[in-house]
Structure formats: structure tokens, C-alpha cells
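**Student:** Single-letter residue listing:
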Amino acid sequence: MIEKILNPWPWYVAGPLIAIVMISFLLFGKSFGVSSNLRTICSMAGASQLSSFFKFNWKTQTWNLFFVLGAVIGGFIASQFLMNENSVLLNPKTINSLNSLGINYSENSFMPENLFGINALRDIKTWIFLVIGGVFVGFGTRYAGGCTSGHAISGLSNLQFPSLISVIAFFIGGLLMTHVILPLIFS
Amino acid sequence: MRLIKFLILGITFGITMAKAEIISWFRIYEMFRFESFHMYGVIGSAVIIGVISVALIKQLNIRTVKGEQILFRVKEKSILRYLLGGSIFGLGWAMTGACPGPLFVLLGFGVWPIIIVIIGALLGTLLYGLIKHKLPH
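Top line first, the protein sequences correspond to chains A and B. Residue numbering for the first sequence follows this note's numbering, starting at 872 and increasing by one per position. Residue numbering for the second sequence follows this note's numbering, starting at 3 and increasing by one per position.
Bound conformation, chain A alone (with noise of 0.2 Å):
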């Protein structure tokens, strides 16, 4: 059971497991959604005086900062007691495609070294990169109203067409980066 934790945790584990926080929170009579937390954020900061999608009482938020406060948390207590290694298996096809790209696959990390690691961060387009794919991800989720959370988790299970739309727009972005963008970058 002990090695069972420690291993990597199957799909089969992980899927029911999410579906069980996504049904809590309608229990608790609130919706699962993250991305909602960053709008949340810049409120707090004061973002209200820039504009007034900002204007709004970030307390009645705090149920979700909580839920945010424990996902960090819970990535600490993962990389910390539950880690037996961080061995990522991936499909050799993909392990191909990676060195094709000078991406450094290491099975003991969860982040390429050219993107997270300390020699690439002496180089400022990493940090440009980090910076513009995070840009992507918080203007594109509140653009759509919800990340793989609220759409594809809430909003999917609630038989949303809307979400169902996100869903294949997040496909449509992400194929196009993996498969024509990220080569151009990376050659």
C-alpha cells in the first residue's frame, strides 16, 4: 500500500479523485474553477483602480483562495513524504521528438532543464518564454471563462456547450505550440 502511494498514481486514481473535489464543491454549494482565483488576485492588488472587471468584493473569494492555499500546500506535502523518485515515463516516441528538439529529458524531473532550469534562467529569453506563456494562460482563460477546470471538468460535466467549445479551442492552441510553434523555437 506504502509503495502503492509512493509510485506514480494511475489515471484511474487521479480522474476519480478530481471528480470527487468537483462534487464536493457543489456539495459545499460552490463551483470548482482555479483560474477565477487570478482575477481574485489582481483584485486584491488593487487592480480595481485599472479597471472595473477588477470591482468587486474579493472576500466573498476567499473559500477559493483556501482551496489555492491547499494546492500548494499539497504539492509540498507530495514533494516532500509521498515521492519515491520523480520518474516520469514517457513514451519513447516522445522522449524522441524531445531530443529532435534539444529538450533535455531527465526521468528525475517534472520540468525540461531548458525551461526551468538555473543555467537556462541566466538566459533572458527563459524568462521572456515563462513570462509570455503565462501571459497566454491567464488572458486566455478569463477570455473563455474557465480553465481545464471550470470548463473542462465543471463545465463538461454539466453538459455545457460552451465548455465543450473551450475545451477543443485549449486543443487547438496546444497543438499548434506542440507541433509548429515549440519546433520554430526550439531549432
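The set of hints was computed from the structure by calculation and includes no laboratory data. Treat the hints with care, since some could be wrong.
[Stated by the list, open to error] Pair ranges (Cβ atoms, derived):
hint, chain 1, residue 1, chain 2, residue 2, range
1, A, Thr933, B, Glu78, 40 to 48 Å
2, B, Leu62, A, Ile1056, 46 to 54 Å
3, B, Tyr42, A, Glu978, 19 to 27 Å
[Stated by the list, open to error] Just a few of them, taken from the derived set where beta-carbon distance is under 7 Å, the chain A residues facing chain B:
hint, residue
4, Thr911
5, Cys913
6, Ala942
7, Leu1046
Fair warning: this is a prediction, and the values are worked out from it, not measured in the lab. We put the beta carbon where it would ideally sit given N, CA and C, even for glycine.
Please build the complex by placing chain B on the supplied structure of chain A, with the hints as guidance.
**Tutor:** Leaving out everything else, chain B in the frame of chain A:
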């Protein structure tokens, strides 16, 4: 207690995202190359259980823990905003390997450069707030 339950949900979520490697950049790259079932299994099984649960909640008129009616968020009818916003988010997801949930889990996991991405995401949210009225919705 009112807020602690959300903290516990967050911890459960964070541990799950880390242990199932959903926070791994490599797993997202692999997903967008359709070279593993893992991410599709995670999202697919969550959605199937979600659809059944939501249908049951509606059918059986299940109420919240406080006995109130469960209100579902109905998403505003539109196509353009979801198509454009979703595609922009997809670009960022494939670049950084993180959607908003994993951004915070990775912070706790100790992947410090993710702070740069979080700052970017906050700037992106701010930018949306500033130019929202000029965008097609």
C-alpha cells in the same frame, strides 16, 4: 471549519496533481502529441464520473450540506470568446506545461521558476481586464 474544508479539498487536489504527474511539463507535451493515454484517462474518467454525478444530483434533487438547492453555473452563450480565449490558453498550456491548478501545485512542489509563469498569468489576467471591452465576446 467553513474555510478549512476548502483547504482540505485543495490539499487533496494538489497531492493528486503531483502524484499523477499532471503537473509535469513532459506529460502535457506527450498529451498534445497523443502519445499516451494517461492525461486522457485522467480528464476522461473525471468527466464521466462528473456527468453521472451531476445528473444524479439533478434527478434526485440532492441539496448542499446546508440544505440549499445546488446551483449550476450556466456558461454565457457565445462561440467566439470560447474559441479565441480557449486557443490562447492552449498556446500557454503547451508552452509552460501548466494550467492554472498546476501553477500553484508546482509552487508548493518547489519548482521556483514557476513564479515567473504565475506573474505572467496575473499580468495576462490584468491585460484581459484592461482591454475586455475591445474584444469580441
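**Student:** Are the hints correct? Go through all of them and say.
**Tutor:** Hints, one by one, checked against the model:
1. A:Thr933 with B:Glu78: 40 to 48 Å: violated, 25 Å
2. B:Leu62 with A:Ile1056: 46 to 54 Å: Once the Cβ atoms are compared, 51 Å apart, the range 46 to 54 Å for Ile1056 (chain A) and Leu62 (chain B) holds.
3. B:Tyr42 with A:Glu978: 19 to 27 Å: Holds - the Cβ-Cβ distance for Tyr42 (chain B) and Glu978 (chain A), about 22 Å, lies within 19 to 27 Å.
4. Thr911: With a minimum Cβ separation of about 9 Å from chain B (threshold 7 Å), the hint on Thr911 (chain A) is violated.
5. Cys913: Cys913 (chain A) check passes; min Cβ-Cβ to chain B is 5 Å, inside 7 Å.
6. Ala942: holds, 4 Å
7. Leu1046: holds, 6 Å
Checked against the numbered hints given earlier, the structure breaks hints 1 and 4 and satisfies all the rest.
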